[in-house]
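Engineer: So the protein lines, in turn, are chains A and B.
Take 84 as the starting number for the first sequence in the numbering used here and just add one per residue.
Take 292 as the starting number for the second sequence in the numbering used here and just add one per residue.
In case anyone wonders, no lab produced these hints; they're calculated from the structure.
Yeah, the Cβ is synthetic: ideal placement off N, Cα and C, and Gly gets one too.
Don't take every hint at face value.
As the list claims (entries may be wrong) - Chain B residues, not near chain A, derived (Cβ > 10 Å throughout): (1) 302; (2) 387; (3) 453; (4) 641.
What the hints assert, rightly or not - A few chain A residues that face chain B, going by a derived Cβ cut-off under 8 Å, partial list only: (5) 143; (6) 144; (7) 164; (8) 165; (9) 168; (10) 262; (11) 266; (12) 268; (13) 272; (14) 274.
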Amino acid sequence: MLRIAVAKGRTAKEVINLFSSCGIHFDEYETSRKLILKSRDKNIELILVKPIDTPIYVESGAADCGIAGYDILLENEANVHILMNLNVSKCKMCVAAKKDISLENKKFLTVATKFPNIAKKHFEKTGIECKIIHLSGAIELAPLLNMSDVIVDIVQTGKTLAENGLEIKEIIINNICACFIANKVSLKTNYPEIDNLMIKLLHADKELNIPV
Amino acid sequence: MNFQQKKSQQIYIEVRNKLLHIYDIFGYEELRLPLFEKYEKYIEYKAVSEESLLKLIDRSGNILVIRPDATFHVLKTIQNMDGVFNRCCYMTNVFRFRENNFEKNDVLQSGIELFDSSSPYADAEVITVAIESLKTLGIENIHIDLGHSQFVHAFLKHIGIRSDADIAYYHKLLDNKNIVELNNSLQNAEIDKKYISKIYDLAMLFGDYDDVMNKAANICANAKMEQNLVEISNIFTALKSYGADKYVHLDLGFSNPMNYYSGIIFKGYVNSHGETVLSGGRYDNLAQTFANRSSACGFGQNIDVTIDIMLKKQQLEKSDNKTIYITGSHEQNKALIASVLRSRNVKCIVDLNCDYKDNNNKFIIINVGSNNTEVKINNQTKIYDTDDIIANKGAQIC
Numbered sequence: 084m085l086r087i088a089v090a091k092g093r094t095a096k097e098v099i100n101l102f103s104s105c106g107i108h109f110d111e112y113e114t115s116r117k118l119i120l121k122s123r124d125k126n127i128e129l130i131l132v133k134p135i136d137t138p139i140y141v142e143s144g145a146a147d148c149g150i151a152g153y154d155i156l157l158e159n160e161a162n163v164h165i166l167m168n169l170n171v172s173k174c175k176m177c178v179a180a181k182k183d184i185s186l187e188n189k190k191f192l193t194v195a196t197k198f199p200n201i202a203k204k205h206f207e208k209t210g211i212e213c214k215i216i217h218l219s220g221a222i223e224l225a226p227l228l229n230m231s232d233v234i235v236d237i238v239q240t241g242k243t244l245a246e247n248g249l250e251i252k253e254i255i256i257n258n259i260c261a262c263f264i265a266n267k268v269s270l271k272t273n274y275p276e277i278d279n280l281m282i283k284l285l286h287a288d289k290e291l292n293i294p295v
Numbered sequence: 292m293n294f295q296q297k298k299s300q301q302i303y304i305e306v307r308n309k310l311l312h313i314y315d316i317f318g319y320e321e322l323r324l325p326l327f328e329k330y331e332k333y334i335e336y337k338a339v340s341e342e343s344l345l346k347l348i349d350r351s352g353n354i355l356v357i358r359p360d361a362t363f364h365v366l367k368t369i370q371n372m373d374g375v376f377n378r379c380c381y382m383t384n385v386f387r388f389r390e391n392n393f394e395k396n397d398v399l400q401s402g403i404e405l406f407d408s409s410s411p412y413a414d415a416e417v418i419t420v421a422i423e424s425l426k427t428l429g430i431e432n433i434h435i436d437l438g439h440s441q442f443v444h445a446f447l448k449h450i451g452i453r454s455d456a457d458i459a460y461y462h463k464l465l466d467n468k469n470i471v472e473l474n475n476s477l478q479n480a481e482i483d484k485k486y487i488s489k490i491y492d493l494a495m496l497f498g499d500y501d502d503v504m505n506k507a508a509n510i511c512a513n514a515k516m517e518q519n520l521v522e523i524s525n526i527f528t529a530l531k532s533y534g535a536d537k538y539v540h541l542d543l544g545f546s547n548p549m550n551y552y553s554g555i556i557f558k559g560y561v562n563s564h565g566e567t568v569l570s571g572g573r574y575d576n577l578a579q580t581f582a583n584r585s586s587a588c589g590f591g592q593n594i595d596v597t598i599d600i601m602l603k604k605q606q607l608e609k610s611d612n613k614t615i616y617i618t619g620s621h622e623q624n625k626a627l628i629a630s631v632l633r634s635r636n637v638k639c640i641v642d643l644n645c646d647y648k649d650n651n652n653k654f655i656i657i658n659v660g661s662n663n664t665e666v667k668i669n670n671q672t673k674i675y676d677t678d679d680i681i682a683n684k685g686a687q688i689c
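Please model the complete structure; the sequences and the hints are all you need to start from.
Structural biologist: As structure tokens, then:
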């Protein structure tokens, strides 16, 4: 049996759809609030976790595999195998600020973000000195209250930004999507099962973009 | 001391005795290793990353490194010893900075080092000791992955990746099997198209010996890589004579950007446990530089992980032990069934007052009558003939 950690919420919903198009069904998902779901054929157990925690479950071996956003993997530098992209939860990592602010010629910025490591690396690369304010949600508030100049966050449709009078100033990473990850030991000891599942997932979504 | 600590303390003593015994019967002698080394000397060694070193300053202002790995200190210790002393082992603490959790900084490690022999049988001996030291602890499902430290390196050089920074970068991606980032990087890299699919193959080049060797032949690009494969196949032949080959699989995507290992490398896992329990390999260059020995091969085992595996195993075994609760009206048959079951080493409790109510399915319940016996396991009830059970010594129940 394979144990797969998945971020609960929207990612879980998309992943469960993807699984059911591979013929792996999780019937309990709609009807119950269980955090551990068994597939109909009992071969896969899905564990619903907080998005930011997904790599921790996989790294420690509590789950054999996981599905986590590439943003979270980059931020945590998790010690796991990142085996393929899944075309779910697509988004991009952006720098955003109030519409009337220009970032040109800025030497110093205060940055509010959920992703302090990614933000720090980005501004080190671009040569702008910055002070990071680490928040855990509703990042858009920070520039509105003049707590920060800009934010670094993931953007899906841009709707939340627009409604709060912010706009994208710079794209740090385009094309972020959920990745299929595996524990380093489990990949070896459960390879036939993991390989089988990856092939199924690959066929389920023709747009998946890894060469095999 | 809490219960868990007390348990692991007992297991530690068992592990220590059994491992040192295994090392001893292979002829490895225990070394006592120094705790400190001058920073200037340590920094040449480069095997442990700078930021994970723990340091202290003595009264004369010298910076001392607190032993971050055992091998360096083994090399330093045997440097001045008689050349005949070729097999040594240790069991000691190593200290590395890991996150801000000081309890994790202190890891108990044991291992062996074999000097001055570069034959495939030397590598096979080291791997065999690694396997035996897990087997002696009753650990099953052992999985050893064997690879060659130069294989990936030779390939990267061959396809035109030259700068040290790029080589280190691709090493890291391959070692982490980070297919997603490889994908992004290769699109922009100036690498001949015909090699790109081979890089993915290289990352996933692991599995059974025969299978991997066949696939590896297609990836082999030059004589150096072929030489690496010949070394692996010689070691595999040697492992067969030790009877250790059934535990060993290959992973040729292994790599070590630190230039620590010079020949084979291997890692040991236990199925159903997510951490590497042991790792090792051949490090001739270091042995030459730091101990003036021609060659060296060894491995280190993480005792903390080993103890975790054994604790988990004990818990599983405990939950497997079933207890049978015998109730019912027929006193004589109850006693008879209890004694046949106990002869099979099954724990039985006889309900003398006939008033037991099981509310949480803790036990298997047997309700013994004069002719029929009800057996209730997990809310399912089956009925057997009482005499049959006694005649078959309880085979139906066990």
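Engineer: Hint by hint, note whether the structure agrees.
Structural biologist: Now for the hints, and whether the structure bears them out:
1. 302: Per Cβ check, residue 302 of chain B is outside 10 Å of chain A; nearest 19 Å; holds.
2. 387: Given a closest Cβ separation of 14 Å, the condition holds.
3. 453: 23 Å, holds
4. 641: Given a closest Cβ separation of 37 Å, the condition holds.
5. 143: At about 6 Å, which falls below the 8 Å cut-off, the nearest Cβ of chain B leaves the hint on residue 143 of chain A intact, so it holds.
6. 144: Holds: closest Cβ of chain B sits about 1 Å from residue 144 of chain A, inside 8 Å.
7. 164: 4 Å, holds
8. 165: 5 Å, holds
9. 168: 5 Å, holds
10. 262: With a minimum Cβ separation of about 5 Å from chain B (threshold 8 Å), the hint on residue 262 of chain A holds.
11. 266: Cβ of residue 266 of chain A sits 5 Å from chain B, so the hint holds.
12. 268: Holds, because the Cβ-Cβ distance from residue 268 of chain A to chain B comes to roughly 4 Å (cut-off 8 Å).
13. 272: Where the cut-off is 8 Å and the nearest Cβ of chain B is about 4 Å from residue 272 of chain A, the hint holds.
14. 274: 7 Å, holds
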